[in-house]
Amino acid sequence: MSKKLILIIGAPGAGKTSTLKMFTEKYPDRISGYSTGELLKKETESGSAIGHIISGYFFKGQLVPTGIIIDVIFDAIKAAPTDVVMIEGFPRKEKQVKLFGDVLFNHQEIELLNVIEIQVSDEMGKERFEGPEDLYKAELKAYKETIAAIEEYYREHDLLKVVDGENPQDEVFTQIETIIQEKI
Numbered sequence: 001m002s003k004k005l006i007l008i009i010g011a012p013g014a015g016k017t018s019t020l021k022m023f024t025e026k027y028p029d030r031i032s033g034y035s036t037g038e039l040l041k042k043e044t045e046s047g048s049a050i051g052h053i054i055s056g057y058f059f060k061g062q063l064v065p066t067g068i069i070i071d072v073i074f075d076a077i078k079a080a081p082t083d084v085v086m087i088e089g090f091p092r093k094e095k096q097v098k099l100f101g102d103v104l105f106n107h108q109e110i111e112l113l114n115v116i117e118i119q120v121s122d123e124m125g126k127e128r129f130e131g132p133e134d135l136y137k138a139e140l141k142a143y144k145e146t147i148a149a150i151e152e153y154y155r156e157h158d159l160l161k162v163v164d165g166e167n168p169q170d171e172v173f174t175q176i177e178t179i180i181q182e183k184i
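Number 80 in the working numbering belongs to position 80 of the sequence shown; there are no gaps in the numbering.
Honestly, the hints are just simulated from the structure, not real lab data. It is possible that part of the hints are untrue.
Stated by the list, open to error - List of simulated lysine-lysine pairs, BS3-like, C-alpha gap at most 30 Å:
1. K26 / K42
2. K60 / K93
3. K41 / K3
4. K141 / K42
5. K41 / K21
6. K144 / K93
7. K21 / K93
What the hints assert, rightly or not - With beta-carbon atoms standing in for the labels, derived distance ranges:
8. G61 / P28: 13 to 23 Å
9. D170 / K126: 16 to 26 Å
10. Q62 / E133: 15 to 25 Å
11. K126 / V162: 14 to 24 Å
12. S48 / A148: 33 to 43 Å
The beta carbon of each residue, even a glycine, is placed where N, CA and C say it ideally should be.
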């Protein structure tokens, strides 16, 4: 059985996690949803060999290599109890986009349906962000350094859809639901 994948990307504070939660609550038998950060955290807590490797990177304050992140994501997609899977928070870098694309486009069992970008102003993102301001600034800086390349890559593959995250959460949900409805 092949899986259908939807990626949710956006600036920090855009509402990616909230949106993901809304979809999994409304469609529990049709859509599974995962946050990349939570997948990595869960893997470290599992005590698996890959979890030990990931925790080593976390402990040193280093970024987990893209190949490991992709392996963890693919394992989650394959193990998902539903045909449709949403992943939020990945990819974050141009290198991740290209490597993920190379692996994904050669993977017969997973079809990438859409990449949904929730766009918000810096002010709105800062207002919604749950965490310290210095973390928000660091994440926003990283996002801005890479988002143009990510958008270009997915536009070229006719996968990118942009929604206005300035709207209330239920309207953002409806916009995304309309985009994906015919594909799921």
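Out of the numbered hints, which ones does the structure contradict? 8
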